[in-house]
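Given the coordinates of chain A, assemble chain R onto it according to the supplied hints.
Line by line, the protein sequences are chains A and R.
0 is the number of the first residue of the first sequence in numbering that gives the first Met the number 0; add one for each residue after it.
0 is the number of the first residue of the second sequence in numbering that gives the first Met the number 0; add one for each residue after it.
It should be emphasised that the hints constitute simulated quantities derived from the structure, not laboratory data.
It should be emphasised that the depicted structure is a prediction, and the values quoted were computed from it without experimental measurement.
Think of the CB as a built atom: it goes at the ideal place given N, C-alpha and C, for glycine as much as any other residue.
Please note that the accuracy of each hint is not assured.
[As the list claims (entries may be wrong)] One side only, chain R facing chain A, incomplete, derived with CB under 7 Å:
#, residue
1, 23
2, 189
3, 218
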Amino acid sequence: MTDILKAHDLCKDYRLSHGKTLRALDHVSLTVRSGEVLGLVGESGCGKSTLGRCLLRLTDLSSGNILFEDQDISRMNDRALRPVRRRMQMVFQDSYASLNPKRRIGDLVAEPLRVHPDANGKKRSRQVIEVRLEELMDLVSLPHSALARYPHEFSGGQRQRINIARALALSPRLIVADEPVSALDVSVQAQIVNLFTDLKEQLGLTYIFIAHDLAVVRQISTRVAVMYLGAIVELGDTDAVMQTPAHPYTMALISAVPKPVIGAHDERILLHGDVPSPISPPSGCRFHTRCPKAEGRCSAEAPALRDIGNGRQVACHFPLH
Amino acid sequence: MAGDAPLLDVRDLSVSFRSGGRDVPIIENVSFAVCEREILGIVGESGSGKSVTAMAIMRLIDDPGVTLRGSVRFRGQELTTLPQKAFRTIRGREIAMIFQDPMTAFTPVYTVGWQIDEAIRVHERLSKAEARARTVRLLGDMGVPDPERTANRYPHQLSGGLRQRAMIAMALSCNPALLIADEPTTALDVTVQAQILDLLRNLRTDYGSAVMLITHDMGVVAETCDHVMVLYSGRVAERGPAAAIFSQPAHPYTAALLDSIPPLTGPRPTRLPSIAGAPPAPLERPPGCAFAPRCHYAHAACDILPPLVRCAEQEVACVLPGEGKALPPRMTERVEA
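Next up, chain A with everything else stripped away, as it sits in the complex (with noise of 0.2 Å):
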């Protein structure tokens, strides 16, 4: 597998009043390998939106490498990344917002298409542009009367089908989903989720996936990374991080993941308190004053995100395994 997208090193502040600086991405370096769907978890603050903002330059670094497709776009400006966005596309939680609800489906959809120029620098005609908007309706498995219609006659989930179409018009090779399916009802969300499976199979995608359910993480992602206060804690392959977990801010959260069984909480791992504030980090690991297993070692420290075999990435002193 070649990789898409490597990011070294990145970092990304936030200058704040009174002199402080918010660090959301504190020396994050990851691989994002074609046609994977690598997982992004982590609680609310620990800066896996940002990190994905930031992979698509829809946020400037602090500082760090991004390569797509081994084309450094991490100084790029806007007009140089043009032609790169055409290739990387995001589809974001709120689907009504993303959507203007002034406009149809149809002007929306075609956007993109009228924006960028085809494959060989010219402008699209419009039937070009018809025939292909029949066609993403097609793949999102909506009716080609949407396209005639306003945002606001759809349900949540139609919503989202269509910021996916969106998203797929210019034929990217990664998108980038921002908890797509978070403020979706169960019943819909499992469509979706089999909706984003079914277009991987289908035309070659590569996804980060950004959720903070670890379940759905879990259903539709190669990888995962788990992320705490701004950086990866734990990275590697999806089941052997959900069943074996080394890092125990990984093990803490899969154990409060409350569980639709009965009598499954029995054991649980309860953390105490909440994420610190990212203002001012506590010192040595991030997860040590929450960690039930910190030691001296953990405050003074902080431990790097090193490999421990089998392309397990843990950031721990003490891992579990």
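Structure of chain R alone, referenced to chain A:
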């Protein structure tokens, strides 16, 4: 439960909103009971009427276009016809409610402690100092670190988990017999959700309170509730003991809903079993079973609204058990926590 009168007894509760010259039925003939110290889970998707049910019980729907029918009895006393003034002595004191978003439930201009003190002093004759002492004790009980200092902070200075704890403390301030919790953990992260659920589970022993827990998350129900009521499109689909419903759901909707949750352990299915379509809007609700258009088992008999019938340990609004075609037990991977 014979001889043991329930704490809250809701019968045939219907709420409709007037819109565009038509009555839009939001919930239809919802009946259930909550016993002392019991945790009842009300589950359903958005628009199923779970929050409206709670709001109707608390008489928080204050709109001239709303018609409310049915009966709500609390300790035998009818609440729907009670004068406002008398109801105010019950709301907040006997029945308290917590909401999904503590940021909007607290006013931002007073400290958290001030607001809890006020709730106590409305219902009980206590001095400011006595009220504050109770506030601090409650916050401490809810696992708030450094409760004295936290009481003097404003809602925006607290994290989501702490705000939710403070709201639960406020709701418990007068030791209510019933706590209605409307999606109390939906806005929280899982590790914090686990703490709050733990807190809710312990309320019956620590405070003797019953809880009516409204949620869309089947996992939350399985981990906290004794009884469950499943709502679909404003009607009761199924209700009964949680253990029975999770091991052998009797309504095809409950079964399909449980199936569509991706498993956290065991083999991963290549595709998730999903329910086609979406729940009907209140005005497009079919006269028969509301789930029939999405149901695998739908047939001619489903065109007539099925009444709630007993099926094993639970009651279900479906024709299948009556036809001798009850659903098979649920296949679950035993979860090793």
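Right, here's what the structure says about each hint:
Taking 7 Å as the C-beta contact cut-off toward chain A, the hint placing residue 23(R) at the interface is violated, the least distance being around 17 Å. Interface hint at residue 189(R): satisfied, since its Cβ lies 4 Å from the closest Cβ of chain A, which is below the 7 Å cut-off. Here the hint on residue 218(R) is kept, as its CB sits about 3 Å from the closest CB of chain A, short of 7 Å.
Going through the hint list in order, the structure does not satisfy hint 1, though it satisfies all others.
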